[in-house]
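Q: Read off the chains here:
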Amino acid sequence: MGLGAEAIFGDSVVTTKLDQAVNWARSYSMWPMVFGTACCGIEFMSVAASKHDLSRFGAEVVRFSPRQADLMIVAGTISYKQAPVLKKIYDQMCEPKWVIAMGACASSGGFYDNYTTVQGIDTIIPVDEYIAGCPPRPEAVLDAIIRIQERSQDESIIKDRIKKYKGYLDV
Amino acid sequence: MFKPDMIVAPNILKQTLINLKNRDNFTLLLDITAVDYLKYPSKLESRFALVYILRDESFKKTISVKTFLDESLTIDSVSDIFYSANWGERETFDQYGIIFKNHPNLKRILNHHEFVGHPLRKDYSITHHQPCTETESLMDEMTPLLTSKGFTEKEQGELMLINIGPSHPSSHGTIRNFMALEGETIKACVTEIGYLHRGFEKSCENHNYSQIIPYTDRLNYCSAILNNIGYCKTIEEMLGLEITPRAQYIRVIIGELSRIIDHVVCNAANMVDLGGLTSFWFIFSARDKAYDLLSKLTGARLTNSYTRIGGLTHDLYDGFAADLDDVLKSVEKGIDEVLSLVEHNRIFHDRTQDIGVITKEFALSAGITGVNLRASGVNYDLRKTNPYYFYDTFDFDVILGSHGDIYDRFMCKFEEMRQSIRIIQQAMERLPKGEINIIAPNIVLPKKEDVYGNIEGLMNQFKLTFEGIKVPEGEFYSASEAANGELGFYVVSDGSGTPYKVKCRPPSYYALSAFSKIVEGDMLADAVVTMASMNFIAGEFDR
Numbered sequence: 001m002g003l004g005a006e007a008i009f010g011d012s013v014v015t016t017k018l019d020q021a022v023n024w025a026r027s028y029s030m031w032p033m034v035f036g037t038a039c040c041g042i043e044f045m046s047v048a049a050s051k052h053d054l055s056r057f058g059a060e061v062v063r064f065s066p067r068q069a070d071l072m073i074v075a076g077t078i079s080y081k082q083a084p085v086l087k088k089i090y091d092q093m094c095e096p097k098w099v100i101a102m103g104a105c106a107s108s109g110g111f112y113d114n115y116t117t118v119q120g121i122d123t124i125i126p127v128d129e130y131i132a133g134c135p136p137r138p139e140a141v142l143d144a145i146i147r148i149q150e151r152s153q154d155e156s157i158i159k160d161r162i163k164k165y166k167g168y169l170d171v
Numbered sequence: 001m002f003k004p005d006m007i008v009a010p011n012i013l014k015q016t017l018i019n020l021k022n023r024d025n026f027t028l029l030l031d032i033t034a035v036d037y038l039k040y041p042s043k044l045e046s047r048f049a050l051v052y053i054l055r056d057e058s059f060k061k062t063i064s065v066k067t068f069l070d071e072s073l074t075i076d077s078v079s080d081i082f083y084s085a086n087w088g089e090r091e092t093f094d095q096y097g098i099i100f101k102n103h104p105n106l107k108r109i110l111n112h113h114e115f116v117g118h119p120l121r122k123d124y125s126i127t128h129h130q131p132c133t134e135t136e137s138l139m140d141e142m143t144p145l146l147t148s149k150g151f152t153e154k155e156q157g158e159l160m161l162i163n164i165g166p167s168h169p170s171s172h173g174t175i176r177n178f179m180a181l182e183g184e185t186i187k188a189c190v191t192e193i194g195y196l197h198r199g200f201e202k203s204c205e206n207h208n209y210s211q212i213i214p215y216t217d218r219l220n221y222c223s224a225i226l227n228n229i230g231y232c233k234t235i236e237e238m239l240g241l242e243i244t245p246r247a248q249y250i251r252v253i254i255g256e257l258s259r260i261i262d263h264v265v266c267n268a269a270n271m272v273d274l275g276g277l278t279s280f281w282f283i284f285s286a287r288d289k290a291y292d293l294l295s296k297l298t299g300a301r302l303t304n305s306y307t308r309i310g311g312l313t314h315d316l317y318d319g320f321a322a323d324l325d326d327v328l329k330s331v332e333k334g335i336d337e338v339l340s341l342v343e344h345n346r347i348f349h350d351r352t353q354d355i356g357v358i359t360k361e362f363a364l365s366a367g368i369t370g371v372n373l374r375a376s377g378v379n380y381d382l383r384k385t386n387p388y389y390f391y392d393t394f395d396f397d398v399i400l401g402s403h404g405d406i407y408d409r410f411m412c413k414f415e416e417m418r419q420s421i422r423i424i425q426q427a428m429e430r431l432p433k434g435e436i437n438i439i440a441p442n443i444v445l446p447k448k449e450d451v452y453g454n455i456e457g458l459m460n461q462f463k464l465t466f467e468g469i470k471v472p473e474g475e476f477y478s479a480s481e482a483a484n485g486e487l488g489f490y491v492v493s494d495g496s497g498t499p500y501k502v503k504c505r506p507p508s509y510y511a512l513s514a515f516s517k518i519v520e521g522d523m524l525a526d527a528v529v530t531m532a533s534m535n536f537i538a539g540e541f542d543r
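Protein chains in written order, with our numbering: chain A, 1 to 171; chain B, 1 to 543.
Please note that a few of the clues may not be correct.
Facing chain A, according to a computed beta carbon distance under 10 Å, are these residues of chain B, among others [what the hints assert, rightly or not]: (1) 59; (2) 97; (3) 112; (4) 202; (5) 224; (6) 287; (7) 292; (8) 295.
Distance ranges between label pairs, derived from CB positions [as the list claims (entries may be wrong)]: (9) A:51 to B:139: 39 to 47 Å; (10) A:51 to B:422: 22 to 30 Å; (11) B:139 to A:18: 23 to 31 Å.
I should point out that these hints are in silico values taken from the structure, not numbers from a laboratory.
Keep in mind that this is a model prediction, so the values were computed, not measured.
A virtual CB, placed ideally from N, CA and C, is assigned to each residue, including glycine.
So that you can see chain A by itself, here it is in the shape it has in the complex (with noise of 0.2 Å):
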């Protein structure tokens, strides 16, 4: 029993924050838009499918329009040829947005180390979880994605997010 209008209707009510609401309908209804390159847009199949079920964390809608969606996962190595697709496709998400890097080539650019890999997909577009791996375990997607889940508590709808970052695409 609440004070206010919860003490009068019962338990027909509930009075909470509106910022409240929204993080809670948002975090456990993630849309991911996944962009799977290589090996690790394989093992995604694997978390999306019947044993692993991301559908258990909401997040199972999985759209390939980033106008869609509001988290996205690079699954896989990105070549420098890859790399304006990437910031293109990022920057068509709507705001509120967050990034996973899945895998060892999404963070650093993994065991390639050469001419034509880019090293982390964090000198392109902002990210917020990393997953190690080679390819990540099935679990360990899951554990980012509700990481990703804890962090969008701390949205508000009034505020603007801060974007400070600057990538190497971003002149």
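With the hints as your guide, set chain B onto chain A.
A: Quick look at chain B alone, frame taken from chain A:
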């Protein structure tokens, strides 16, 4: 010393290849590559040489033809004789800067259009990074293509141009198809790849022979172990050693299991593209069981690195047979369940039959191998024509299609999975006891108790880790039947512990080069399904 079968002068190379094709029936051009001898220890005629690898009509014989190029680095293109030479030559131009005269479209293929230099030349440093700022429009390829098909400028303006990829759900990876549509019919298609080019071949030149095994995992990541086997088999043949019977049997068992997983992924994804999500759930639970088995055995689900030069990382664990049996049962159940949904399904038949047809002749000319070729009715399976690892003693059938359409490719994959199960069961029955690694201190790492227990073991470990396995000087091509077809490795060794050059012949690279020709004239929605049915794996064709 391993040498190419023929060395010819550059001015007669084209005529030689024509003669080989017409007189000696070497109809399948497998691969084209170049070698840069700048840092090679012994002196050779000139810096650059070109190598062409062909296979004959009976599929039993391969021949490699080599030519040393003069200063101008120019040679006649053979793309008018072999369709597969088109992309083969483009790649060689991109990576080495060799110019092919009269090539229809000599431009970069793996590296981006702003790239300067040729990365596989020996004077190009591996860590010289070159960022790209913008994606190519591809109109430089599309406009001439449409003009050659008889479209006037006004008609070209009326066509709708769309990009399928490089980030598109139907591409299952990173392929970009740029299509010109009239209504929903594809009038012209241009394929662009290289979005997952990760420098496999350059990395090979900077790591020793054992360190390359993890890189091979990431070629066709749906069936990593088959790549491990293909690579290790090539190096073992160069070293002239035969691995133990037990290791051979285990390679067969795990390799065939990988083939099953690969076909599961391909067919499940194909059905998702057709709109049948249920089949995906049905058959993927079997795949997850197989991954559990592999992670128990090798420590990794996807990228296993299970083979070593001279054997395997470790033996089968206790209770493996029961686990394997369980996996095979659920695969069989999965196949039956999925087939019960689609086999007599009218919608499925309408969407797949007589669509995306590949004719025999075109498939051979384009260098298509594996299931895609067998679905067109060509009886070519390296496990039968050039048997290795006791494959000639197993009782299994080569599955052939009759039409070469999507339906045939789909059904051939399911039937091949059943045949793989047969092979695995026979191999498990006959699995011999014994060592999994050969006894050869200069090739196989010593046991851990020796490394920590005596100086000889420690020295042995040190030498092998730092210097690598010394492979005799020479150049050698060997192939194995991977999930997508003939996976070949062309290795040039200078006698040291690091390969001078490794060229992978990825089966789906040549299949993809034929894709645009296959879908032109089809509907857009059919192109999506055709793409899924041919199983293009980005890690493999982009390397």
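Q: Now look at each hint and say whether the structure bears it out.
A: Each hint tested on the structure:
1. Hint status for residue 59 of chain B: violated, given a least beta-carbon distance of 30 Å to chain A, over 10 Å.
2. Taken as an interface hint, residue 97 of chain B does not check out: its beta carbon lies about 15 Å from the nearest beta carbon of chain A, beyond 10 Å.
3. A hinted interface residue such as residue 112 of chain B counts as satisfied when its beta carbon comes closer than 10 Å to some beta carbon of chain A; here the least separation is about 4 Å, so the hint holds.
4. A distance limit of 10 Å between C-beta atoms decides the matter here; for residue 202 of chain B the minimum to chain A is near 6 Å, and the interface restraint holds.
5. About 8 Å separates the beta-carbon of residue 224 of chain B from the nearest beta-carbon of chain A, less than 10 Å, and the hint is met.
6. Taking 10 Å as the C-beta contact cut-off toward chain A, the hint placing residue 287 of chain B at the interface holds, the least distance being around 8 Å.
7. Checking residue 292 of chain B against chain A: minimum C-beta separation of about 9 Å stays under 10 Å; hint holds.
8. For residue 295 of chain B, the shortest C-beta to C-beta distance to chain A is roughly 8 Å, which falls under 10 Å, so the interface hint holds.
9. Checked against the hint of 39 to 47 Å, the pair residue 51 of chain A and residue 139 of chain B passes, with Cβ atoms roughly 45 Å apart.
10. Taking 22 to 30 Å as the suggested C-beta distance range, the pair residue 51 of chain A and residue 422 of chain B conforms, at roughly 27 Å.
11. Separated by about 49 Å at the C-beta atoms, residue 139 of chain B and residue 18 of chain A break the suggested range of 23 to 31 Å.
Comparing the model with each earlier hint shows violations of hints 1, 2, 11; every other hint is respected.
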